[in-house]
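J.: Sequence:
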Amino acid sequence: MTKFKVVHEREGCIACGACAAISPDFWEMDEEGLSTLKGAKKVDNHFELEITEEQKATNQEAAEVCPVQIIHVREE
Numbered sequence: 001m002t003k004f005k006v007v008h009e010r011e012g013c014i015a016c017g018a019c020a021a022i023s024p025d026f027w028e029m030d031e032e033g034l035s036t037l038k039g040a041k042k043v044d045n046h047f048e049l050e051i052t053e054e055q056k057a058t059n060q061e062a063a064e065v066c067p068v069q070i071i072h073v074r075e076e
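Under our numbering, the first residue of the sequence shown is numbered 1, with each subsequent residue one higher.
There could be a bad hint or two in this list.
Unchecked claim - Here are the computed lysine-lysine pairs in the DSS-like style, where the Cα-Cα straight-line distance is at most 27 Å: (1) Lys5 with Lys38; (2) Lys3 with Lys41; (3) Lys56 with Lys5; (4) Lys42 with Lys5; (5) Lys56 with Lys42; (6) Lys56 with Lys38; (7) Lys42 with Lys3.
Derived by calculation from the structure, the hints in this document are not laboratory data.
Since the model is a prediction, treat every value here as computed from it, not as a measurement.
Can you build the whole structure from these sequences, using the hints too?
T.: Below is the structure:
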């Protein structure tokens, strides 16, 4: 089965909330107003979360609506 990973470069977040509006099951805004990828692990200077193929579409939509393009969905 193909695995996918969401990579979130949180430092570049401008707090627009588009990701959380599109995909609230995976994204939320924290108390500082910045986007947070629920359940993600910090790796170096970004956050990562492994997802299934079924979860890919909603996270890809979040990546596409991000105005600063800090969300990436990659095939592993």
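J.: Each hint needs a verdict: does it hold in this structure or not?
T.: Going down the list of hints, with the structure as the test:
Between Lys5 and Lys38 the alpha-carbon distance is near 13 Å, which keeps this suggested pair within the 27 Å criterion. Restraint check for Lys3 and Lys41: satisfied, since their Cα atoms lie roughly 16 Å apart, inside the 27 Å limit. Between Lys56 and Lys5 the CA atoms are separated by roughly 9 Å; this keeps the pair inside 27 Å, and the hint holds. Between Lys42 and Lys5, the direct Cα distance comes to roughly 13 Å. Compliance with the 27 Å bound is thereby established for this hinted pair.
Taking the CA atoms of Lys56 and Lys42, the gap is near 20 Å; set against the 27 Å cutoff, the hint holds. Distance hint between Lys56 and Lys38 is fulfilled; the C-alpha atoms sit about 15 Å from each other, no more than 27 Å. The suggested pairing of Lys42 with Lys3 holds, with an alpha-carbon distance near 19 Å, which does not exceed 27 Å.
In terms of the numbered hints stated before, the structure departs from none.
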